Amino acid sequence: GAVVSQHPSRVICKSGTSVKIECRSLDFQATTMFWYRQFPKKSLMLMATSNEGSKATYEQGVEKDKFLINHASLTLSTLTVTSAHPEDSSFYICSATALSGANTGELFFGEGSRLTVL
Amino acid sequence: KQEVTQIPAALSVPEGENLVLNCSFTDSAIYNLQWFRQDPGKGLTSLLLIQSSQREQTSGRLNASLDKSSGRSTLYIAASQPGDSATYLCAVRRGNNRLAFGKGNQVVVIP
Numbered sequence: 001g002a003v004v005s006q007h008p009s010r011v012i013c014k015s016g017t018s019v020k021i022e023c024r025s026l027d028f029q030a031t032t033m034f035w036y037r038q039f040p041k042k043s044l045m046l047m048a049t050s051n052e053g054s055k056a057t058y059e060q061g062v063e064k065d066k067f068l069i070n071h072a073s074l075t076l077s078t079l080t081v082t083s084a085h086p087e088d089s090s091f092y093i094c095s096a097t098a099l100s101g102a103n104t105g106e107l108f109f110g111e112g113s114r115l116t117v118l
Numbered sequence: 001k002q003e004v005t006q007i008p009a010a011l012s013v014p015e016g017e018n019l020v021l022n023c024s025f026t027d028s029a030i031y032n033l034q035w036f037r038q039d040p041g042k043g044l045t046s047l048l049l050i051q052s053s054q055r056e057q058t059s060g061r062l063n064a065s066l067d068k069s070s071g072r073s074t075l076y077i078a079a080s081q082p083g084d085s086a087t088y089l090c091a092v093r094r095g096n097n098r099l100a101f102g103k104g105n106q107v108v109v110i111p
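Protein chains in written order, with the numbering used here: chain H, 1 to 118; chain E, 1 to 111.
It should be emphasised that the hints constitute simulated quantities derived from the structure, not laboratory data.
Since the structure is predicted, the reported quantities are computational estimates derived from the model, not experimental observations.
Heads up, some of the hints might be wrong.
As the list claims (entries may be wrong) - Straight-line Cα separation of at most 25 Å, SDA-like style, residue types lysine to any residue; simulated pairs:
id: 1; chain 1: E; residue 1: LYS68; chain 2: E; residue 2: THR26
id: 2; chain 1: E; residue 1: LYS1; chain 2: E; residue 2: SER24
id: 3; chain 1: H; residue 1: LYS41; chain 2: E; residue 2: SER52
id: 4; chain 1: H; residue 1: LYS42; chain 2: E; residue 2: LYS42
id: 5; chain 1: E; residue 1: LYS42; chain 2: H; residue 2: THR49
id: 6; chain 1: E; residue 1: LYS42; chain 2: H; residue 2: ALA98
id: 7; chain 1: E; residue 1: LYS42; chain 2: H; residue 2: ASP27
id: 8; chain 1: H; residue 1: LYS20; chain 2: E; residue 2: LEU48
id: 9; chain 1: H; residue 1: LYS41; chain 2: E; residue 2: LYS42
id: 10; chain 1: E; residue 1: LYS68; chain 2: H; residue 2: SER43
id: 11; chain 1: H; residue 1: LYS42; chain 2: E; residue 2: THR5
id: 12; chain 1: E; residue 1: LYS42; chain 2: E; residue 2: PRO111
id: 13; chain 1: H; residue 1: LYS42; chain 2: E; residue 2: LYS1
id: 14; chain 1: H; residue 1: LYS66; chain 2: H; residue 2: PHE28
id: 15; chain 1: H; residue 1: LYS20; chain 2: E; residue 2: ASP39
id: 16; chain 1: H; residue 1: LYS41; chain 2: E; residue 2: THR45
id: 17; chain 1: H; residue 1: LYS41; chain 2: E; residue 2: SER69
id: 18; chain 1: E; residue 1: LYS42; chain 2: E; residue 2: PRO8
id: 19; chain 1: E; residue 1: LYS42; chain 2: H; residue 2: PRO86
id: 20; chain 1: E; residue 1: LYS42; chain 2: H; residue 2: ARG24
id: 21; chain 1: E; residue 1: LYS103; chain 2: H; residue 2: GLN60
id: 22; chain 1: H; residue 1: LYS42; chain 2: E; residue 2: LEU48
id: 23; chain 1: H; residue 1: LYS20; chain 2: H; residue 2: PHE67
id: 24; chain 1: H; residue 1: LYS55; chain 2: H; residue 2: PHE91
id: 25; chain 1: H; residue 1: LYS14; chain 2: H; residue 2: SER89
id: 26; chain 1: E; residue 1: LYS68; chain 2: H; residue 2: GLN60
id: 27; chain 1: E; residue 1: LYS103; chain 2: H; residue 2: SER9
Stated by the list, open to error - Chain H is faced by these chain E residues, among others (derived, beta-carbon under 10 Å):
id: 28; residue: LEU89
id: 29; residue: ARG93
id: 30; residue: GLY104
Stated by the list, open to error - Chain E stretches covered by chain H per the calculated footprint, using a threshold of three residues with CB under 8 Å from any CB of chain H:
id: 31; stretch: 30–41
id: 32; stretch: 44–58
Built from N, CA and C at the ideal position, the CB exists for glycine as well.
Model the full assembly from the supplied sequences, consistent with the hints where possible.
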């Protein structure tokens, strides 16, 4: 199947700093990527939908100034957690949909990024 | 609002037994349904994708059925192995690309 790569897989930062997480579709083009947050023993929570070349669409309750999303190309979306605080500590996962080919319509997920804010 | 429920939340089976995981959803107007596997601290691995027009999909020991009218999908894993231990997530997709996830079935296969 298609591959989505996330980096870094783990990051520890101090409170008040910013952290950038990258999501890349390695072998397909994706106009749309999604960013999720996962809490322990909870289902994935959609944070925002990232559209190539346009502004991201944020879910209700997600601060767009806190979670900056950029989708500069058909294979790369980034999530920047600005002025991170301990409550931002979580597991962040991205996903992407293939535009064409055998996997069209199927969603593929990255490996996730564990953020710990001290 | 689409709600997805997975039952049971957790189960343990001895190696070799067949696994049956259930997923139900409240709104039958779906684009597709996808089953994922998630290992602790990892991302999601796509297992099977069933389009709304399909009734089932098979891949190796895995078989997933879809009954859209009753809002149900079942994932069967034949002859379970310890390596099948993981959390299995069901996700329903609507036409706007948005996925609604269940909380998962946490499976432990006992050697």
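Hint check:
no., hint, result
1, E:LYS68 to E:THR26, "holds (10 Å)"
2, E:LYS1 to E:SER24, "holds (14 Å)"
3, H:LYS41 to E:SER52, "violated (28 Å)"
4, H:LYS42 to E:LYS42, "holds (14 Å)"
5, E:LYS42 to H:THR49, "holds (21 Å)"
6, E:LYS42 to H:ALA98, "holds (21 Å)"
7, E:LYS42 to H:ASP27, "holds (20 Å)"
8, H:LYS20 to E:LEU48, "violated (31 Å)"
9, H:LYS41 to E:LYS42, "holds (13 Å)"
10, E:LYS68 to H:SER43, "holds (22 Å)"
11, H:LYS42 to E:THR5, "holds (12 Å)"
12, E:LYS42 to E:PRO111, "holds (23 Å)"
13, H:LYS42 to E:LYS1, "holds (18 Å)"
14, H:LYS66 to H:PHE28, "violated (29 Å)"
15, H:LYS20 to E:ASP39, "holds (24 Å)"
16, H:LYS41 to E:THR45, "holds (17 Å)"
17, H:LYS41 to E:SER69, "violated (29 Å)"
18, E:LYS42 to E:PRO8, "holds (22 Å)"
19, E:LYS42 to H:PRO86, "holds (21 Å)"
20, E:LYS42 to H:ARG24, "holds (16 Å)"
21, E:LYS103 to H:GLN60, "holds (20 Å)"
22, H:LYS42 to E:LEU48, "holds (22 Å)"
23, H:LYS20 to H:PHE67, "holds (10 Å)"
24, H:LYS55 to H:PHE91, "holds (23 Å)"
25, H:LYS14 to H:SER89, "holds (11 Å)"
26, E:LYS68 to H:GLN60, "violated (28 Å)"
27, E:LYS103 to H:SER9, "holds (22 Å)"
28, LEU89, "holds (7 Å)"
29, ARG93, "holds (7 Å)"
30, GLY104, "holds (7 Å)"
31, 30–41, "holds (count 5)"
32, 44–58, "holds (count 5)"
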